Amino acid sequence: MTAKWMSVAEIKQKIGESSAEEVTADYLEAIKKSKINGYVTVSDRALEKSKEIDSEGHKGPLAGVPIAIKDNISVQGLPNSCGSRMLENYVPPFNAHVIEKLIEAGAVILGKTNMDEFAMGSSTESSYFGPVLNPWDLERVPGGSSGGSAAVVAAGEAPFALGSDTGGSIRCPASFCGVVGLKPTYGAVSRYGAVAYANSLEQIGPLANNVEDIAVLMDVIAGHDARDSTSVPEEKTDYQAALKDDIKGLKIGVPKEYFGEGISPGVEKAVWDAIHHCEALGASWEEVSMPHTKYALASYYIIAMSEASSNLARFDGTRYGFREAGETWHSLISKTRAEGFGDEVKRRILIGTYALSAGYHDKYYLKALKVRTLVKQDFEKALSKVDVLMAPTMPNPAFKVGEKIEDPLALYLSDVNTVPINLAGVPSMSVPCGFTDGLPVGLQIIGKPFDEPTLLRTAYTFEQNTDYHSRRPPEVA
Amino acid sequence: MVYENPDGVMIGLEIHVQLNKLKSKMFCGCSTDYHDAEPNTHTCPVCLGLPGALPVLNREVVKAAIKVGLALEGEIAEETQFHRKNYFYPDLPRGFQTTQYDYPIVSKGKVVIEGEDGEHEVGIWRAHMEDDPGKLVHIGSIEKSKGVLIDYNRSGMPLIETVTAPDMRSPKEARRFLDKFRNILEYLDVFDGNLEGAMRMDANVSVYGGTRVEVKNISSHKGVEKALLYEIMRQKNVIRRGGEITQETRHFDEARGVTIGMRTKEEAEDYRYFREPDLMPMKVSDWTPKIKETLPELPDAKRARFIEQYGIADMHAKALTSKIMLADFYEGVCKKGTDPKQAATWIADVLLGELNYRDLVISSYDGSTIGCINDKDHSIANSTRVADMVDLVALFTDGKISDRAAVEVIRTILDGEEEKTPLQVIEEKGLFKAEDDLVTKAVAEAITENEAAVQDYLGGAEKSLNFLVGQVMKKTKGTADAKTAREMLVKELKG
Ligand SMILES: [Zn+2]
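Protein sequence lines correspond, in order, to chains A and B. Note that my numbering has the first sequence beginning at 1, numbered continuously upward. Note that my numbering has the second sequence beginning at 1, numbered continuously upward.
Among the hints, erroneous ones may be present.
[Said to hold, decoys possible] No more than 27 Å apart at the CA atoms, straight line, and that leaves these computed lysine-lysine pairs for DSS-like:
{"hint": "1", "chain 1": "B", "residue 1": "K85", "chain 2": "B", "residue 2": "K23"}
{"hint": "2", "chain 1": "A", "residue 1": "K244", "chain 2": "A", "residue 2": "K385"}
{"hint": "3", "chain 1": "B", "residue 1": "K429", "chain 2": "B", "residue 2": "K376"}
{"hint": "4", "chain 1": "B", "residue 1": "K283", "chain 2": "A", "residue 2": "K448"}
{"hint": "5", "chain 1": "B", "residue 1": "K23", "chain 2": "A", "residue 2": "K376"}
{"hint": "6", "chain 1": "B", "residue 1": "K216", "chain 2": "B", "residue 2": "K400"}
{"hint": "7", "chain 1": "B", "residue 1": "K226", "chain 2": "B", "residue 2": "K180"}
{"hint": "8", "chain 1": "A", "residue 1": "K370", "chain 2": "B", "residue 2": "K172"}
{"hint": "9", "chain 1": "B", "residue 1": "K108", "chain 2": "B", "residue 2": "K85"}
{"hint": "10", "chain 1": "B", "residue 1": "K341", "chain 2": "A", "residue 2": "K367"}
{"hint": "11", "chain 1": "A", "residue 1": "K244", "chain 2": "A", "residue 2": "K12"}
{"hint": "12", "chain 1": "B", "residue 1": "K172", "chain 2": "B", "residue 2": "K216"}
{"hint": "13", "chain 1": "A", "residue 1": "K346", "chain 2": "A", "residue 2": "K385"}
{"hint": "14", "chain 1": "A", "residue 1": "K236", "chain 2": "B", "residue 2": "K85"}
{"hint": "15", "chain 1": "A", "residue 1": "K346", "chain 2": "B", "residue 2": "K441"}
{"hint": "16", "chain 1": "A", "residue 1": "K370", "chain 2": "B", "residue 2": "K85"}
{"hint": "17", "chain 1": "A", "residue 1": "K367", "chain 2": "B", "residue 2": "K283"}
{"hint": "18", "chain 1": "B", "residue 1": "K400", "chain 2": "A", "residue 2": "K335"}
{"hint": "19", "chain 1": "B", "residue 1": "K63", "chain 2": "B", "residue 2": "K85"}
{"hint": "20", "chain 1": "B", "residue 1": "K85", "chain 2": "A", "residue 2": "K363"}
{"hint": "21", "chain 1": "B", "residue 1": "K85", "chain 2": "A", "residue 2": "K335"}
{"hint": "22", "chain 1": "A", "residue 1": "K335", "chain 2": "B", "residue 2": "K135"}
In short, the hints are calculated from the structure, not lab data. Keep in mind it's a predicted model, so treat the numbers as computed, not measured.
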């Protein structure tokens, strides 16, 4: 039996019975037959690595378990393109903190997954390497920006994957592809080695076919790292210990602002059904108000683009990456950036530069920071009364490739339910909670800072009592 | 006497100091000891700005900045806050510099200098931490350069930028401020001013309360003084001719001694400052009292103590404390039992004078020897030992050698090709004071052999006596004491 779509526990059992090499080979075989363009780079060292694990008798928690890595997380020796022509041939000489942890645990890196260029997008259409296709409907987008990571997990081309979430980039594609995704609390996972889009907002996090595997991965990647000053020196959390089928007495808050105008009826129904299901399992729910939600989207985009305009300044063709020759250094850098970046990246750099400029700084950037504080207070207030918040991850199911790419504003608006979480820095998960017109719907569960255990317990209980997570996309089966 | 400042000169300074005595760079573990290294060998993903690498603030940089702030009698911030200053330049690997903006580590300090009319206070507006970019190296001369190479060894070096109030009223005051400021930093042991690029200065100056002009990137204290002298003259002449001073940034051409306008565009640069999201504020309010306790004795305090403890003149105390290594050398000599007043004269007046004459600056003191380098060509000069100074002063005070001979010894030690002790020099050159009868004989000979000069002197020509003294010195090969010879001649001729 192929290892495709197996849980980590099943894979470990299979390795015990046969070998890590066989498991890796199964996944490489699935990748070979892929129809979704989920990988930018498939590692030619994966099989060799799995053999090493076998011969060493590696005892790590992920010994021989394959994993896919978003192409903005540095893996020594593999290109780290960030979905951009700018870094197509850039090979980092160091490993990200999370990669060091994975290697220590014995994981086998299958390859680097496709993404929106520099993580800027919600559809994975802005990748220089072409769009990723949604395994549930090959005419639709997988969501973004970690579209490759979500899609390869959904399609059985990796048991689980790492993504990054700046404004929903893990949860959106998890929702669109019918997999589980977690954006950890800001500071829970080291960002060292992840190429920054908007540093104050983003976290690396796991995507998997089930909640347990999310916890397994968190136990490996989370924890303090002195190389990331924003990493929080907390006592190590035992994420797998949180996996209990019990939400009796759990208090759920339902923010009415997250069911606003434009939400698709199918999504609304699936999410309410999920909330009622939790009620039946012993939880209670109440409506809560988060009045500043309507300003969050504008605040998010101003902050993210401002930070991006500075973070991406280093790509000047001088030291590494793409270079277009010029007569002078100034013409070299402007040609390099004109040719090396795609339209969406350039749009965000320009807007961010504008928002930080003298005369506009206070009007836009400073105001956005003030709104951020208010949004954060909304969460503090709401989460002081309830244990978790529940809402739709995305207001709509996956849309068609090309449908929104010419209308950036419509695309930005689809992030309305995910970006407030990044502004507040709180943890949030998306779990499959139903289907509408054959497309997966994601339930978003939001928690208090560093209370991932409660999120995991809630998601796990819901999962144990439903079967959405075990359905597979027919087109890639 | 009050200095009237007739041209209404107001000078402010911005000084960038590299904290090159710290072991590692500002945000990574790379060594700061790159000055003799191959290009791009002291780098890592962080200081090369590779994507995904993150800065970690070196606590030692913050401690050094707090030390500086306390020495400048400034207010120390409660926590560190960093901003990004965004601009493109090939030596700037991340496209921004990490600096402090509206909450610097130090604010509202002061330095008292010797002004035009006595003690004069120069306000310190702020001192903040920031990182240094890399360095551009032109292939060949700048004019004919075929290309530019970039060395990132310097990238990420910790800097402190200090901004003064426009409190200096003359180029001389600016120079004195810089000398004192550098001296304070060396006392704090955070900075070696002799390393290339260790201190870079911008000066702003206005006359008659008018528009201020900035002169950028001057590399020496003398350069600042010269640039300001030129710039004040230029501004006065523009005004005299009925022109107006425009707000601008000028460059100082050190070779020609003139300032040159750099930008014609009026637009101000927009650095799009914003808080550095990758560095969380570091609370330092509880560090400050501890650092204050460990602060070393500073120049003014040392000067007062020298006067008190050694009973030396203020002029000497000031000169001896003008450099920490010199002060330590002096105390080293005194500790060996040398009379402090004699030691002060020989070190502050003679040794320091001879060093200055040779453009030598003290660059090291290891407890027994001071090392010097040439300020012009940075070559290493002969060193001077405590033990030698102790011996030399003893030989002089015991009357074994004349003052002239002692000076000769110092010169020989500084200029000699081999290392020699004072005794060796004295023996080789026959500098021991001549026996009295030898001098008496020489005096008698000088009188009999130079009758005309004797007659002239007796006739009232004082100059002729000088000639006769010269003759005595010649006959004794310089070993006679000139003063004694003169007295003996006068006694012999006039009774
Ligand atoms: Zn470094």
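Outcome of the hint check:
no.: 1; hint: B:K85 x B:K23; in the structure: holds (25 Å)
no.: 2; hint: A:K244 x A:K385; in the structure: holds (22 Å)
no.: 3; hint: B:K429 x B:K376; in the structure: violated (31 Å)
no.: 4; hint: B:K283 x A:K448; in the structure: holds (25 Å)
no.: 5; hint: B:K23 x A:K376; in the structure: violated (40 Å)
no.: 6; hint: B:K216 x B:K400; in the structure: violated (55 Å)
no.: 7; hint: B:K226 x B:K180; in the structure: holds (18 Å)
no.: 8; hint: A:K370 x B:K172; in the structure: violated (48 Å)
no.: 9; hint: B:K108 x B:K85; in the structure: holds (23 Å)
no.: 10; hint: B:K341 x A:K367; in the structure: violated (67 Å)
no.: 11; hint: A:K244 x A:K12; in the structure: holds (21 Å)
no.: 12; hint: B:K172 x B:K216; in the structure: holds (18 Å)
no.: 13; hint: A:K346 x A:K385; in the structure: violated (42 Å)
no.: 14; hint: A:K236 x B:K85; in the structure: violated (36 Å)
no.: 15; hint: A:K346 x B:K441; in the structure: violated (97 Å)
no.: 16; hint: A:K370 x B:K85; in the structure: holds (21 Å)
no.: 17; hint: A:K367 x B:K283; in the structure: holds (26 Å)
no.: 18; hint: B:K400 x A:K335; in the structure: violated (79 Å)
no.: 19; hint: B:K63 x B:K85; in the structure: holds (23 Å)
no.: 20; hint: B:K85 x A:K363; in the structure: holds (19 Å)
no.: 21; hint: B:K85 x A:K335; in the structure: holds (23 Å)
no.: 22; hint: A:K335 x B:K135; in the structure: holds (23 Å)
In summary, the structure is inconsistent with hints 3, 5, 6, 8, 10, 13, 14, 15, 18 from the numbered list given earlier, while agreeing with the others.
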